[in-house]
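*Asks:* These are the residues of each chain, in order.
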Amino acid sequence: MLSPVILIAAVLNGLMAGAVYALVALGLTLIYGVLHIINFAHGALLTAAMFAAFFAFTLLGVDPYLAAFVLGPLFFAIGYALQRFVIGPAAHGEDRNFLLVTLGLAVVIENALLYFFRADTRTINLPYSFKVVEIGPAFVALPRIIAFWVVIAVAAALWTVMRWTDTGKAIRAVAKEKLGAELCGINVAHIYAITFGIGTGCVAVAACLLIPSYYVNPVAGEAFVLIAFTIVVLGGMGSIVGALIGGLCVGVVESFSSIFLGQSLGQIGIFIMFIVVLLARPSGLFGARP
Amino acid sequence: VKTYWPIILVVVLLAIVPFVTTSNVVLNFLITTLLIALVGQGWNLLGGYGGQYSFGHAAFFGTAAYTTAILQVQYGINAWLGLLAGIFAGALVGAVIGILCFRSGLRGSYFSLVTLAFAEVLRIVSSVTPITGAGVGTLIKLDLRPEAFQFQSRAPFYWIVLALFALSLLIVRAAENSRFGAYLVAIRENEDAASALGINTFAVKLTAMTVSAAITAAAGCFYAQYFLFIDAAIAYGPWISIDALLAPIVGGAGTLFASLLGALVIKVLGEATKLLTGDAPGLDLVIYGIVLIAVVGLAPRGVAGVLTTLLRRPVRALAKPGHDNA
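Quick mapping for you: the protein sequence lines, in order, are chains A and B. As numbered in this note's numbering, residues 2 to 291 make up the first sequence, in order. As numbered in this note's numbering, residues 12 to 337 make up the second sequence, in order.
Hints listed in this document are in silico derivations from the structure and should not be mistaken for laboratory results. Any given hint could turn out to be false.
Here are the simulated SDA-like cross-link-like pairs (lysine to any residue), alpha carbons at most 25 Å apart as the crow flies [as the list claims (entries may be wrong)]:
#, chain 1, residue 1, chain 2, residue 2
1, A, LYS179, B, LYS285
2, B, LYS285, A, ASN218
3, B, LYS285, A, GLU223
4, A, LYS177, B, GLU202
5, A, LYS132, A, TYR215
Next comes chain B alone, as it looks inside the complex:
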């Protein structure tokens, strides 16, 4: 229980933001940041803790987004049930891809590329099949009632995405504290040795992949409800997969708050360069890319790594338990 207090602290601090400011700009910024953090948290469990680098987390994000959108638009099913269905569908896709990959013993770059290929297949299929709206995309009808998972103001959206992210923090922390988490890290460090010690690496990796997919899927459902529009390029586009791995790696993969830290850095960087360069298309991303390379060059263990060294250098006792295993 003692290990949960950093989560409570961070979530409570974030939860009072809408009472301090009602600025839509701030809330919108924080909502998209938390969305990326949630997408990344799914990746972090599998990639950061388990060492299985997926390049295709868009597969889970997109499946969930389409599931919740299609259930509402085509079948008139309640959006909150759609959220559950979306998470379930995302987890199912994760489990199926996981079984296929891990059964044939795919590791390292091979695993990465196959997950990428699955996401691409889904993208191409969803861009032509009628049920997803093909090239036009799917538009969720505006229906501003809480029962329909739509709200007048941004604050409820903010609290919901925060709650989802808090839940993902609890799941990852619980995994860290459990035997399962120890197995997962053992697999990351040396899969053959872990297997030789009697760990069922297949079951552990598959569980990690399914839970990871479910977390990222939750973000997909939220995206659909918040923006009310998805198409193949948004749902299954490579940018989701890239954000999913960028956030936790920049933050310091394999640590609890990596995804949140990384998402903050990425978003602040993105907005700052956009402000700096004005209308010139592309220039903001050029600077973004250069800073990204510089950040990696200067902080190879991510933001969490920098924080730990900063915190541990002056007084060792000040080190937060939240950044213990960086």
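Here chain A stands alone, though its shape is the one from the complex:
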């Protein structure tokens, strides 16, 4: 059972699956790093984006990978508006209220989707959905390979924006010292909303990468969010590189624990790794020690 071929295939498949986790986590870690809130609405927004990608294909015939170019900016705008006009004003800057508001938002989005589209599970069929590519001794599904490289590209783009643009600098300034940034003339509410928008945009791209090989129903996003939380913590909260590497690690761990423990226990490996790492190194693998 444990021939090297299986192991290599497991690692490759894990890396590819981990890439999408990483992208979901990327949005989450950015929001956490700047706003210092745990965004409970992340999963619901992912589900909403998956529905959007699904209907873009079934109603308009738009390929999911092309839809990403529209849905990314669209969800950026939605995220911006949500933070600027709903979450920010309702939370009064208190952590526990952020928690409740994003929780309430998740309930609203998920159940609105349930109301409109019922609990049916939907899938789409693309000519390349089931294509596999041979890499060395292993076979990997084509959508997963595409997803992997798109995620790398998005992460690189995000890193560049954060590093070299004025907006990126402003985001990092707000993350480090909110009051100081405000005194320098940075509009904190605007930056918060931008950050939330970027996080939501990441989720939309992730949804477009998922939909060719995954299903969508009103709770489809939830499965990813808990994993994304663990990745965020593993990678160190707020770290882009950490989220990327953490996501890939988690993908591999899940793929291995599926082999050793069986499909139904596959996710348990992730949570156990999460607990062990956190107990041993509370600031995550790549975060600075508090």
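Since the structure of chain A is provided, determine the placement of chain B on it from the hints.
*Replies:* Chain B only, in chain A's frame:
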């Protein structure tokens, strides 16, 4: 002793409800409300007073529910002993998770997420191991005798859950009045400063977590006896953890009656939206979510916060001692 009279008043008022009405709808509503209030009261002690936000109180609820159910079904042990065993098992899980988390100095969001992870691990494990009935769940045999913790009518169930909740009120009030409670609030306000003043923050947090887990565990045992069925999604599902924190935060975390007020608001809101929207699936919860956001936006300190301002504004002397530190 003077600080206990609001508890006595509220509990006595609630206790006479079954004499006023025997309507199953009303009693069922109140039983589930008190159940959520009890779950939330456990969270309130640790999160509201101690500032340690657990996202995984389902771990204690579920462990207790499974303990009492499995002891009865598999080993034929009396349900009342099962209640004690369940509370003990829940408290034990709380203590173990507490030791692990607080030993490694986990705080804030890290603590929250690790508790969530523990609850998820337990959920996944219980959904596959044979002793919990795996995916099928565990059914407690119908045995309508008081000795078996099962009753013909709802009134005894109501009084039992009320008694459990009253006990939790007394525990929390006693904690408020004690040195331990003061330490706990000090840790919430500034853990480093509390530690610098010589408070053993580890011991205080661990005690709070264990007692908190025991209170929520009592609710888990009661759930198993009242509904006679549990499975992994019910026992360890995220909704228990969410209700546990929703009720006290909506009510005004860190105040004695927060959990009861919050549970009432949540239940009334839930039932009202259900009535309003009829059969359409999801629509009631959409409205529920919108109202929840609105409530948080308008009352950032919870219902207790609103009550205090309302009571204190006209005549300061009217302020109830029950809502003092909102």
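*Asks:* Between LYS179(A) and LYS285(B), is the straight-line Cα distance small enough, at 25 Å or below?
*Replies:* violated, 42 Å
*Asks:* Holds or violated: are the alpha carbons of LYS177(A) and GLU202(B) at most 25 Å from each other?
*Replies:* holds, 22 Å
*Asks:* So if I understand the rule, the pair passes when the alpha-carbon distance is 25 Å or less; does LYS285(B) with ASN218(A) pass?
*Replies:* Answer holds: LYS285(B) to ASN218(A) is near 22 Å, not above 25 Å.
*Asks:* Within a Cα-Cα threshold of 25 Å, do LYS285(B) and GLU223(A) meet the stated pairing?
*Replies:* holds, 24 Å
*Asks:* Can the restraint linking LYS132(A) and TYR215(A) be considered satisfied, given a maximum Cα separation of 25 Å?
*Replies:* holds, 14 Å
Hint compliance for this structure: hint 1 is the single one not met.
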